[in-house]
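*Asks:* Join the two chains, each given in its own frame, into one complex according to the hints.
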Amino acid sequence: MHVTQPLAPLRVVIAEDTVLLREGMSRLLTEAGLDVAGTAGDAAQLLHLAGALRPDVVLTDIRMPPSQTTEGLQAAVQIRRQWPGTAVVVVSQHVETEHLFELLADDPRGVGYVLKERIADITQFTDAIRRVAAGESVIDPQVVSRLVARPRRDSPLQTLTERELAVLALMAEGRSNQAIAGQLYMSPKTLETHIGNMLAKLGLPPATEDHRRVLAVLTYLRR
Amino acid sequence: MSRRLRAILIAGAVAMVAYEIVVSYVPGPPPELIFVITNAAVGLSFLVAGIAAWQRWPASRLGLLFTIVGYAWLLPQVGQLRYALPFTISNITANIYAASLAHLALAWPSGRLRSRFERGVVVAVYTWNTGQSIVSLLFWNPRTNGCAGCPANLLLVSGSNSIEHIFDVISVPVGLTISAIVLTLIVRHWRSARGWSRRVMVPLVWISFAVVALSVVQTVTGNLNLHVSNLVLYGIAPLILLAGPALFVASTLRARMARGAVGSAIVDLEPGAPPERLRDALARALGDSTMQLAFRLPDGSGYLDTSGRAVDPARPGQGRVVMPLGESGEAVLVHDQGLEHEPQLVRLTASAAGMALEHARLQAEVQAQLEQVQASRTRIVEAGDAERRRLERDLHDGAQQRLVTLTLALGMARSRAAGADPELESLIDSATKEAREALVELRELARGIHPAVLTETGLAGAIQALVERSPVATTITALPAGRFPAQIEATAYFVVSEALANVAKHAAAGSAQVTIRQLTGQLMVQVSDDGAGGAKPEGSGLRGLADRVASAGGVLRIDSPPGSGTRLEADIPCT
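Heads up: the protein sequence lines correspond to chains A and B, in order.
Each residue of the first sequence is one higher than the last, beginning at -9 in the numbering used here.
Each residue of the second sequence is one higher than the last, beginning at 156 in the numbering used here.
In isolation and in its complexed conformation, chain B is listed as follows (with noise of 0.2 Å):
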């Protein structure tokens, strides 16, 4: 529909309601100003229904026939000019009004008729509806028959009586069923439609009960001859037209609030909310209650959606469209074919939720990595435990037990030569006192590589052992006898081990304390001195500590105010 056109239709229905109001004031007997209000108010509705129609959707052709009741509704007031020729054109258009309404409900929301068969009933209603005007009045001579102060009828043949009535009797049963065929397949369009396509028919619903209460209304009173007043049924009853343009006017506004919501309801979900609130959000934001949020399997064998019901993109199904959301094909929308009328909110929606997956894709790709990362870092040191493990017991098994045996040997020596040669005997006591040296370094060193006392008898027997060993005073407040795992032991193993090697290097303290609590959950470790304090926790022994204690999952802290001591404090954790 161009911008051209629908202009000259606007222009041309304001000009109808100016000359409605104008021929108010004919002279004449001056028609009631409720009819003229009436008529004008639900013309103009449908005209207004109509520009809303195609702002809303362009595509569809609802704007034109929205428009073209409105016109068919306002032309028959022309009759209200009172000359032959309008008079006479009013009675032919007089029921058009009601082929269209039956053709914007069928049509309805597309503006496109489903089906050859409903095109042919379309057809028929505007056939008949005009055509049983004009027999009507072939046969109606208003002078005589009823309004005394019409003008002519032109196309008046023979003002019998009786023809006029014989037709009226049977023109009933044609136009009931032509309505009830009308209704039947307005009934058989809703119940097929869901979501998205149900929730726009509600204004269309609201029409056909309008439509067909007020005619039942007229045409009911009309054939028993009840004594309503023509005010009423002519000039308030028709008012209740004016519900659906009404509601149609008024969803359009709300669908226009929507694309606002869309973009809220997307930033109201919390960053790695699953995937059902995000399906639920757009769901709202669409109005449509169908929608499924599918995504594609990890084997990418298929699509599940949020609910687990398996989605072939191939083949949405009758009336169900797919959306692909962002450009990996990974997730897609599958909605109520209905909304491909307002594609810029589907699109709008579609990127925002596309967005919205993709944070959280990235968000647990992050997750993921620093998973990983956390992971390779415990196999690192735990890696890096086994090597010191290993390079113990090598030591221990081979230079260690060969320099036993090489003193073992020299105390032979050693004994053979008593007594025969002073040289030889202080040479193999020299060599016996090198070689004992060397075994207590090799010792040490072994020890600080890996204790084997740990391995051996667990975190109790070898915090007992650094303590002996601390050249500080240093006492155990409380110790845990039990064991725990191997990571966790070697954890706060080196935690005091570390602890208590700056407490002799740097603190210049008098007394050390450890302290290792098992908590729910997690080993506190604690060593506390009275020392100097001012420790710097970035210094490259407290970091490559703390870095220890983060791998096994834990926390390193520590206090060391200047002149106040320091404490160091280890949380890992332990199940």
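Just chain A, with the same shape it has in the complex (with noise of 0.2 Å):
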């Protein structure tokens, strides 16, 4: 893991449509450090200026002019697409992930899926931002906890312990054993025997790499 300050200040590109907020998380991000290279109103705006700047991080809500349906959340997928090197973060107002999938369909590497009313909390929101730059995934933990707490019959995750379940959202936002490990107390050691035993009683195959981890948890905690 390669979570280190980078020398230089992240570049970020914002896309928003409403002035007034495009504006305040501009100044935001700059006061937390970020270099904010450049903002677009629209979506075709935004993939002009991530050809013509090739930022580390573009920022995007996903209801954009013209048609204010998902043309936010289209960019984001052709920006990792054509340009690998440029994480995505995309602000959404669902909590429901009928957008997420869409977004990490093709490789959840360097992507995030943030809620708007995160970005208050300074701290998390930018740290989101550096973890997708640094290519890992964020998903947002409520949008995680809401799916963990879905009612169920006669699934796995029943039989799971707190401890478990806990372990299993962490994952499911992303998180590498590392930082599930800091968060919850653990030693390294004793969380990979959890996860390999939880992964075991969902049938899920234990996958080493977060980033397809992400994926089977999401998926497995859709269903």
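I should point out that these hints are in silico values taken from the structure, not numbers from a laboratory.
Just so it is clear, the structure is predicted and the values come from calculations on it, not from any experiment.
Just to be clear, a hint being listed does not mean it is correct.
What the hints assert, rightly or not - Some chain B residues judged to face chain A by a derived CB distance under 8 Å, without partners named: (1) Q555; (2) G616; (3) E623.
Backbone N, C-alpha and C fix where the C-beta goes; we use that ideal spot for every residue, glycine too.
*Replies:* Structure below.
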């Protein structure tokens, strides 16, 4: 893992059609030590800037002009495909997962899905941006916790302990083993045993790579 | 023709027939019984046809003409009395019946002659047939010329056989010419008649054929001196004359039955039968194949009949009559003029047809209103959906963005205040918390108003989202991935949304299942649970949902036996 503070500040492009919010985010990120290289009011402009500036990260709203549907999401998918060096964070109003899987479909590496209200928590938000820029996946904890808390019948999930569920949720959020161990005050060794047991209970393959694991767990939770 | 006159004529006819029978027993050589029967039958047949004609067509003089033929046929029978005067009268009037038959034929069916020329022809026939008899009587002495036992001829001037013979030679071509003219006129009448008029001419054609055939046979055998027995010639052959009156009486009976047939013809038409079927039924009922049923064009510029021909009610054409149906003037019957002789039948038919059309019009009106109501219901629902979409968008673009911006500003304020003023920090924290909760509530509210995901990604994503949110364990059995028209997607979505909300609220269910399948021509949406059942379809939620499904032209079924779960199924038309 290379979660090290980069020498140069991260270069960010922000796409958001509400001027006030766009400016606010821009100021916020600048103050947090990021380099806001450009801002866009619609998807076309975003794609242009992504190509021209090659930023480290692109932040985009889902709903954008002109169609006010999922233009931002489509642009994000396209950017990941076209410029793999640019990570994307999609800022969403949707706590449900209908857009999430479209975004993750190809490869969850360097992709983030964050709820809008998360922006206000500057530390969490910038942390998410940095993690995505470093190639991790970031799924908003609230989205994951709703999935985990869904009522189920006859599901192996019901046999998991509290602690195992907490590990599972963090895995679904895209956290690395190291981060999970740190957050839950566990030794990496114990954590690995937990994960191995859990995946076996759920009948999931023991994936070692984080991004594969994210998709597998999310898909399982959504089922 | 007054009732009294009719009664007198009938009484006279009966008297004459009775007399016929009596005279066959008077002293002297008895007439052959067969002659008596034939004469009585033919005469009586015309009298009966006369009564039938009066009954059927009171306005026509046909009844009178039939009666006159009957009398003209029977009158010469006074000769049976074998006295000089009746014998002479009998011989004078022997051929008048033929003239009145020609009169009857030319005046068919109204009883009135069509033109001055035809009146002239009829006068000529009467004059010739009577005059010829008188003139030949002047020179005919029955006692010396073929009838030794006959009474005296009172008109006898000179019993010269040669004069009588010369007169006979002259009279044959004249008689033939007159007959040819009469026949030509009848043929012309027949050829110009259409529909009803032609049909009612059938008895006339038989009468004409019978008269011509009879006179040809009698003339030919007389002039050629063929040895055909008088019994055949005058006893049996005249029976052919019965054909005309018999057919007329039969057609009158049929016409009576036709009145009943009008009603059943209309009743037999199933509701909503096309107008051409109604026309055919009316044409059959009235016996007029030329009948047209015409409707006013929507722009009021004229009328078109059921086969698409333009009809001008002001100028229906030669021999055609227009009969309006109902009071609106929307439809008219155009029929053969001859039918005016059957005013009752026509009136009956017109009112039955008017009723059938009124029925069809009302039905079409109700149908149109129903369609309008259906369309307006659909529009109302669509307008409601559009309004919900607008509201949701306004919330998203307005209040939600502002709240996000607010939390952002609060976040920045928090980081500036960090470490400086703990009280301010905690104030900002609680403000942030409030703003965040407001944002969550607003998001839920907006989704409840209209799920943006439905317009953005379609039914599959929206249903997936509903299932994720459901507080009861819910699985999706089948869910088509494609897009559908907005109204159909919205309807299917609200069915699932309302059903899952009911499952959560009332069903006390352990699990629920959502199934959506695209079948031919429709989308089937099914939500079932394993809960308590007993859902009431008339509850306001389900009632509203049924209305909503109906507005999309679909049906909602609820199967909820107590204790065995609930199954909600909607079929939404989808092409």
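*Asks:* So, against the hints stated earlier in the document, which numbers end up violated here?
*Replies:* none
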